[in-house]
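Starting from the structure of chain A, add chain B where the hints point.
Chains A and B are the protein sequences, given in the same order. Position 132 (the first sequence) corresponds to 132 in the numbering used here; numbering is contiguous. Position 21 (the second sequence) corresponds to 21 in the numbering used here; numbering is contiguous.
Some hints here could point you the wrong way.
[What the hints assert, rightly or not] So the derived label-pair ranges between C-beta atoms look like this: (1) B:174 x A:62: 29 to 39 Å; (2) A:12 x B:173: 36 to 46 Å; (3) B:2 x A:256: 31 to 41 Å; (4) B:9 x A:43: 25 to 35 Å; (5) B:28 x A:33: 24 to 34 Å; (6) B:57 x A:74: 51 to 61 Å; (7) A:116 x B:82: 41 to 51 Å; (8) B:121 x A:171: 35 to 45 Å; (9) A:33 x B:82: 20 to 30 Å; (10) A:244 x B:53: 25 to 35 Å; (11) A:6 x B:121: 41 to 51 Å; (12) B:82 x A:126: 41 to 51 Å; (13) B:91 x A:184: 54 to 64 Å; (14) A:93 x B:152: 36 to 46 Å.
[Claimed, not checked] Calculated pairs, BS3-like style, for lysine-lysine (alpha carbon to alpha carbon, straight line, at most 30 Å): (15) A:163 x A:175; (16) A:129 x B:45; (17) A:260 x A:35; (18) B:176 x A:248; (19) A:11 x B:45; (20) A:62 x A:43; (21) B:120 x A:248.
[What the hints assert, rightly or not] Sample of chain A residues lacking proximity to chain B, with all beta carbon distances greater than 10 Å (derived): (22) 26; (23) 41; (24) 226.
Everything labelled a hint here was simulated from the structure, so no lab data went into it. Cβ coordinates follow ideal geometry from the N, Cα and C atoms, glycine included.
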Amino acid sequence: MSSPITKVRLKQIETLLEKGKRLDDRGLLDTREIKIEQGMIEKAEGSARVLLGKTEVLVGVKIETGEPFPDTPNEGVMTVNAELVPLASPNFEPGPPDENSIELARVVDRGIRESHAIDTAKLCIEPGKNVFVVFVDVYVLNHDGNLIDASAIAAIAALLNTKMPNYEVKDGEVKIKQGYTPLPMKSHPITVTIGKINNKLLVDPWLEEESVMDSRITFATNEDGNICAIQKGGSSSFTPQQILEASKIALDKAAELRKKLNW
Amino acid sequence: MHPKHLAQPDRMVLRCRYHMAPFSVQERKSPAPSRREVELSKVIKESLEPALFLELYPRTGVDVFVEVLQADGGTRCASITAAALAIADAGVPMRDLVAACAAGKVDDTVVLDLYDAEDKLGCADVPVAYMPSLNAVTLLQMDGILSPDEFEKAVNMAMDGCKKIYALQKEALKTKYMVVKEVEE
Numbered sequence: 001m002s003s004p005i006t007k008v009r010l011k012q013i014e015t016l017l018e019k020g021k022r023l024d025d026r027g028l029l030d031t032r033e034i035k036i037e038q039g040m041i042e043k044a045e046g047s048a049r050v051l052l053g054k055t056e057v058l059v060g061v062k063i064e065t066g067e068p069f070p071d072t073p074n075e076g077v078m079t080v081n082a083e084l085v086p087l088a089s090p091n092f093e094p095g096p097p098d099e100n101s102i103e104l105a106r107v108v109d110r111g112i113r114e115s116h117a118i119d120t121a122k123l124c125i126e127p128g129k130n131v132f133v134v135f136v137d138v139y140v141l142n143h144d145g146n147l148i149d150a151s152a153i154a155a156i157a158a159l160l161n162t163k164m165p166n167y168e169v170k171d172g173e174v175k176i177k178q179g180y181t182p183l184p185m186k187s188h189p190i191t192v193t194i195g196k197i198n199n200k201l202l203v204d205p206w207l208e209e210e211s212v213m214d215s216r217i218t219f220a221t222n223e224d225g226n227i228c229a230i231q232k233g234g235s236s237s238f239t240p241q242q243i244l245e246a247s248k249i250a251l252d253k254a255a256e257l258r259k260k261l262n263w
Numbered sequence: 001m002h003p004k005h006l007a008q009p010d011r012m013v014l015r016c017r018y019h020m021a022p023f024s025v026q027e028r029k030s031p032a033p034s035r036r037e038v039e040l041s042k043v044i045k046e047s048l049e050p051a052l053f054l055e056l057y058p059r060t061g062v063d064v065f066v067e068v069l070q071a072d073g074g075t076r077c078a079s080i081t082a083a084a085l086a087i088a089d090a091g092v093p094m095r096d097l098v099a100a101c102a103a104g105k106v107d108d109t110v111v112l113d114l115y116d117a118e119d120k121l122g123c124a125d126v127p128v129a130y131m132p133s134l135n136a137v138t139l140l141q142m143d144g145i146l147s148p149d150e151f152e153k154a155v156n157m158a159m160d161g162c163k164k165i166y167a168l169q170k171e172a173l174k175t176k177y178m179v180v181k182e183v184e185e
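Excised from the complex, chain A in its bound form (with noise of 0.2 Å):
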């Protein structure tokens, strides 16, 4: 809902976006600071946690042994799951996950599935039998804007931090042994939302320009410079145009990244 405060905000956000400048004296294709964390979770495979500006996102992996789908008796199955906590927003209520928790998951998972960032293969124990399972659990602990892109960027930080069981196959028996190896990895999809405010458009929106936003679009890319997942979000649309000078935008953001991360 639009509260008459938003509609201040909205105002005094647009005026600024005409002279190119932002809130948070960003420019419109600047990204928040990234701060990057790994391991502290020590129960769990593999977890990280990201700092983007203040929104802060904890993504914990955990691996068991299960069942491959039918369609794939060959590959480990990933999923992802993503809790939008109460501690994090006043607007998260406690209780099953809503309609954005889960499209936020799923924004993730495509994003990690499409990009073919987990090696499946290699994830098989028993063909049509025994895999690994990878459990990719996003934890979004402070909302402070673009969950997105710090769940993404966090969700492959874990995965690039787990480690996998090491075990052996004894009369059809999976026995865990000792030790472990790094979760086999091909890919590093970097995603990159950009919301449009008033026909403009800006990387990484925050909070406050979220909440007057007319919609976002996010890409995830590879490191060959390809587009492997996307989605538009929000109640506005686009022209063909804005679309491709987003794409641009965002395959340009994910390869500054790419370099600053070193992934």
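Only chain B this time, still in chain A's reference frame:
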């Protein structure tokens, strides 16, 4: 609108439910809403909202129910195309009809409107919803890997598909009222 507390004092609320019948796919689908259905309900809602004058109808609710009876690829696009028509048919003022169509890549070729088998084998799928008179894209998703050039080609191809569907939508609306007129005479 019901429940009352969901009504907004400054605008209309559009609700969408995309649901697949258990018999609509090869393996029976549980009738409980899956995460995919929740996400599609959300993107379908957001693809229709730009077509409505939300701000002119405070405290109003419009509910759209989509039931997929048989799925052979492209259900979200078909849902949007049908939902836009149904809203128009209900007499809700609209800025434009929303037409939707997907493009994708199969064997290195960008093609229009993947069906189920192509979708499973194909390398990419790009569903697009478009309002031709306003030149506005209201839904854009993608999965699979496309180069920037292929992506541009796919979006343009999908928009051309939308324009063809748009003509059919208008035809359908006109035909309906023509039939009514004939009966009167």
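Each hint, compared with the structure:
1. At roughly 57 Å, the beta carbons of residue 174 (chain B) and residue 62 (chain A) sit outside the given window of 29 to 39 Å.
2. The supplied range of 36 to 46 Å is met by residue 12 (chain A) and residue 173 (chain B), whose beta-carbon atoms lie about 42 Å from each other.
3. Residue 2 (chain B) and residue 256 (chain A) have their C-beta atoms about 49 Å apart, which leaves the hinted 31 to 41 Å range violated.
4. Against the hinted window of 25 to 35 Å, the Cβ-Cβ separation of residue 9 (chain B) and residue 43 (chain A) comes to about 47 Å, which falls outside the hint.
5. For the pair residue 28 (chain B) and residue 33 (chain A), the beta carbons lie near 49 Å from each other, so the given range of 24 to 34 Å is not met.
6. Taken as a hint, the range 51 to 61 Å holds for the pair residue 57 (chain B) and residue 74 (chain A), whose Cβ atoms sit roughly 53 Å apart.
7. Separated by about 34 Å at the C-beta atoms, residue 116 (chain A) and residue 82 (chain B) break the suggested range of 41 to 51 Å.
8. With their beta carbons about 37 Å apart, residue 121 (chain B) and residue 171 (chain A) fall inside the hinted range of 35 to 45 Å.
9. About 46 Å separates the C-beta atoms of residue 33 (chain A) and residue 82 (chain B), a value inconsistent with the hinted range of 20 to 30 Å.
10. The hinted range of 25 to 35 Å is satisfied by residue 244 (chain A) and residue 53 (chain B), whose Cβ atoms lie roughly 28 Å apart.
11. A hinted range of 41 to 51 Å for the beta carbons of residue 6 (chain A) and residue 121 (chain B) is consistent with their spacing of about 46 Å.
12. Range check, residue 82 (chain B) to residue 126 (chain A): Cβ separation about 45 Å, and the 41 to 51 Å hint holds.
13. For residue 91 (chain B) paired with residue 184 (chain A), a C-beta distance near 57 Å keeps the hint of 54 to 64 Å intact.
14. For the pair residue 93 (chain A) and residue 152 (chain B), the beta carbons lie near 41 Å from each other, so the given range of 36 to 46 Å is met.
15. The straight-line distance between the Cα atoms of residue 163 (chain A) and residue 175 (chain A) is roughly 16 Å, inside the 30 Å bound, and the hint therefore holds.
16. Restraint check: the Cα-Cα separation between residue 129 (chain A) and residue 45 (chain B) comes to about 40 Å, which exceeds 30 Å; the hinted pair is violated.
17. Taking the CA atoms of residue 260 (chain A) and residue 35 (chain A), the gap is near 11 Å; set against the 30 Å cutoff, the hint holds.
18. In summary, the hint linking residue 176 (chain B) to residue 248 (chain A) is not supported, as the alpha carbons are separated by about 44 Å, beyond the 30 Å threshold.
19. Taking the CA atoms of residue 11 (chain A) and residue 45 (chain B), the gap is about 26 Å. The hint holds against a cut of 30 Å.
20. For the suggested pair residue 62 (chain A) and residue 43 (chain A), the alpha carbons sit about 9 Å apart, so the restraint of at most 30 Å is met.
21. Under the criterion of a C-alpha separation no larger than 30 Å, the hint pairing residue 120 (chain B) with residue 248 (chain A) is consistent with the structure, at around 28 Å.
22. A cut-off of 10 Å between C-beta atoms confirms that residue 26 (chain A) is not in contact with chain B; the least separation is 25 Å.
23. Distance check on residue 41 (chain A): its Cβ is at least 24 Å (rounded) from any Cβ of chain B, clearing the 10 Å threshold; non-interface status holds.
24. The claim that residue 226 (chain A) lies off the interface is violated: its Cβ sits roughly 5 Å from the closest Cβ of chain B, which falls inside the 10 Å cut-off.
The earlier numbered hints that this structure contradicts are 1, 3, 4, 5, 7, 9, 16, 18, 24.
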